[in-house]
Amino acid sequence: MTTRPEAPLPFDIPAHPSNDDPRVTLEEQLGVWEAVPPFPPQTEREAEFYTLRDGEMLINIGPHHPSTHGVLRVVMKINGEQVVDLDPVLGYLHRGVEKIAENADYHQTISHLDPLEYVASLFCEWPAVIAYEKLLDCTVPRRAEYIRVLSGELLRISSHALALGFHALDLGGLTPILYSFIERDEIVEMLAALTGQRMLFNYFRIGGVNGDLNHEFMSRLGDWMSRAVGQVEANMTLLNENEIFVRRNRGLGTMDRETALRMCWSGPNLRATGVPFDLRRAHPYSVYPELDFDIPTREEGDALARFLLRIDEVKQSLRIIDQCLHQMPDGPVMAKLPRLLRPRPGRAFAAIESPRGEYGVYAISDGTDQPFRFRIHDPSFLHLQAFNLLMPGNLIADWMALNASLDPIMGGVDK
Amino acid sequence: MDPALRRRLEGRLGDRMTGPVRQRHDETEIRIGPADVPEVLRALYDEPDLRFRYLADLAGVDTGTAMQVVYHLWSDTTPDWLRVIADGLDRDAPRVPSITFLWKGAEWMEREAFDMFGIVFEGNRDLRRIYMPPDYRSFPLRKDFFLPDDAARSPGAGIRQMERSHSPRDATSTTLVRRSKAG
Amino acid sequence: MALTPERPALDTPAGPERSLVGGDPSAVTTPIVVANGLWSADDPAAYGGGPAGLENAHLAEIERSGAAYRDDARWGALDVIPTKADYLLDLIRMNSLWPLLSGLACCAFEMMSSATSKNDIDRWGMFPFRASPRQADVLIVAGTLTTKMAGPLLRLWEQMPEPKWSVAMGDCTCSGGRYKRSYATIQGIDRIMPVDVYVPGCPPRPEGLIYGMMKLQQLVKARRGQWDERRVGPSVPEGI
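Protein chains in written order, with our numbering: chain A, 699 to 1113; chain B, 5 to 187; chain C, 3 to 242.
No lab work stands behind these hints: they were computed from the structure.
One thing to keep in mind: the hints can contain errors.
Unchecked claim - Taking lysine-lysine pairs in the DSBU-like style, the calculated list, with each CA pair at most 35 Å apart, reads:
#, chain 1, residue 1, chain 2, residue 2
1, C, K120, C, K166
2, A, K1013, B, K147
3, B, K147, A, K1034
4, C, K86, C, K166
5, B, K108, B, K147
6, A, K1013, C, K223
7, C, K182, C, K223
8, C, K86, C, K182
9, C, K217, C, K166
10, C, K217, A, K1034
11, C, K166, B, K147
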């Protein structure tokens, strides 16, 4: 086809030829601001949201805001200080990863997935490598699986520590974030000794991992486990009994089981509502069936429950790390695969339990060396959808606490 | 790979499926037509021996000849993922019924499929763009949208000036110039 | 796959029927190039031409007359001679550069990591990450800039009062990085705003960012990168 047929849009962009120069087409100036309220409203929900009753007002939070966990813009309809309704606007970090992945080799797509959930990048690579391994019908050596679990659980501890630190930071506590960053720095230096990078690790490979455990990593890990295990828990229980923290979070954003399942929630947010759904047990992958750990759940479903649940999960992760170190088998860390990968034409879906929930990758291969379609499913995307349900009736400052307790990462939300 | 699931699906949904049940590794896949989506998913949700209550993913796919919407579901009755492919959507005007009546969380996933492909989900109360700015003019993940070497020369650019290249080297005789209606 | 990737007309996003009125599409004419008016207020619609006709037309006047960009503490042509007062002012500025909290993506975490206990940029006076652009000196753009976010970021940059500097942290802001072919990102923030220091890396280590900030301090002290000399646009010459 020579031209691309325009798909019909629900609105039109007015443009007309210039009077003084026929080569120039002038468009109506649409500035960098977006009209609030958008007029005319395009959807039912927009019409409902942007219709203001008496006493209501629209304010805009973000995209640049200290507590939006990235660039999230929320248009709030408030009546006084109380929030009546919310309209989150995403896309300020949409980088087109899925499209870039369609133009990249299979190995290259793995590194493109790292910046999605950048605090927990190994969890972003993991479902992709599992999906590719399904397409290639290759088995991963057990030592590689154990290393994957070990590094993943370390990163889960780091991610939860950061989540809790940011939770406190958004409520005004400036100290716990510094403790969280100490934990994160130690863990991330360990992983840098293992993978070569502090943050966007690019460590998992199709068929295994990039390199075996080395002396530096083991010595740092040994130091950390002997010294800081109790420290991690102490850091994170700084706020358990802080009255201000508890009173601000108790009863905030209470979600019940049925609604959480209808909203397709997953991860700690879902388990805090009482549903014991953890992909490591519900749909086991890697070597999790051989490891012994519990699935912590809480019944209340409010922000405080999510906070405490993350602390419980860190304890379980420490158990898993311990078992991994004891049960680590010998062997290769990478399966023998050809350099140029051409998987069979087919489709594969894989989902793993990331610190935020179910992280899924659906890969379609057409037999060439580039994926045909590469779909990423991010859990934080769906957690943010529940703002409309959880916020009304609360105050504006409660939005910060709710956002922090849901722990979204905008890199993943916006892809 | 769960043969019992295959039998249950063929028994319950055999008349709606447009192809055989495919199973590979830990995934089971069925194909249906787009009009059957609400009934099939409701059947999968409600049937006591199917109980696919957890929607793991909702994706749009552009195969070049047609569009698809792919649903991934999980149930506690089977160790497999279930993949439901609603195949055969028209590439120029793709429409499929929405499943927001079953899972409210599908609303944003359908918005994303609309934003990236132009698939219109009938029944979604909030079908507007979610990632791209609301005045963007293309659907980026379609197969006829090509990534150039430099995004400023993208054929599907939006209308913002920063989405276009402005250096004289890139300008041609057909450069679209944006000027305000000043004066 | 059946689709052959024939390239459509690259510069006509609206299709051929909207791009030219009259004229021969194959004729090589001198292109009309309009400079990007987003950050300069030559565009008269910037303050007074908004959708509802905003009431701050007086701001447009100030912008147009250039009074907003004039630093009254400068002495015109004598600026080239730095005095002791200038030296002292530059020392003061260099040692208390307050960054604006503008972490967009992954690099933000390394920026925060450079601000926290282990690599502490409070040693250089940069601890208070201001939330408001009116109180900030440095805009450390940390993370990928998308086309949707570019507008707000430019607003932030314009809202920062002089003297201000900007640091492009991370590969995405320096040149587009791994998103060079993406349809939704700005390939390098120097396409839309002036940049003083580029800190490459994906993400740069906190030590790398600190090195970049120290370079910025040297820039401040040596009075290079003066705001009226700054050019917008990639500083790579044309043939490259």
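Each hint tested on the structure:
Pair hint K120 of chain C plus K166 of chain C holds up; C-alpha atoms about 27 Å apart against a cutoff of 35 Å. For the given pair, K1013 of chain A sits about 46 Å from K147 of chain B by alpha-carbon distance, which is inconsistent with the 35 Å threshold. Between the alpha carbons of K147 of chain B and K1034 of chain A the distance comes to roughly 33 Å, so the proposed pair stays at or under 35 Å and holds. For a cut-off of 35 Å, the pair hint linking K86 of chain C to K166 of chain C stands: about 21 Å separates their Cα positions.
A C-alpha spacing of about 29 Å is found between K108 of chain B and K147 of chain B, which places the hinted pair at or below 35 Å, so the restraint holds. Taking the CA atoms of K1013 of chain A and K223 of chain C, the gap is about 50 Å. The hint is violated against a cut of 35 Å. Under the criterion of a C-alpha separation no larger than 35 Å, the hint pairing K182 of chain C with K223 of chain C is consistent with the structure, at around 34 Å. For the hint linking K86 of chain C to K182 of chain C, the alpha-carbon distance of about 45 Å lies beyond 35 Å, and the restraint is violated.
Between K217 of chain C and K166 of chain C the CA atoms are separated by roughly 15 Å; this keeps the pair inside 35 Å, and the hint holds. Proximity of K217 of chain C to K1034 of chain A is assessed by CA-CA distance (about 46 Å); at most 35 Å being required, the pair is judged violated. Taken as a hint, the K166 of chain C and K147 of chain B pair is broken in the structure, with Cα atoms around 44 Å apart against an allowance of 35 Å.
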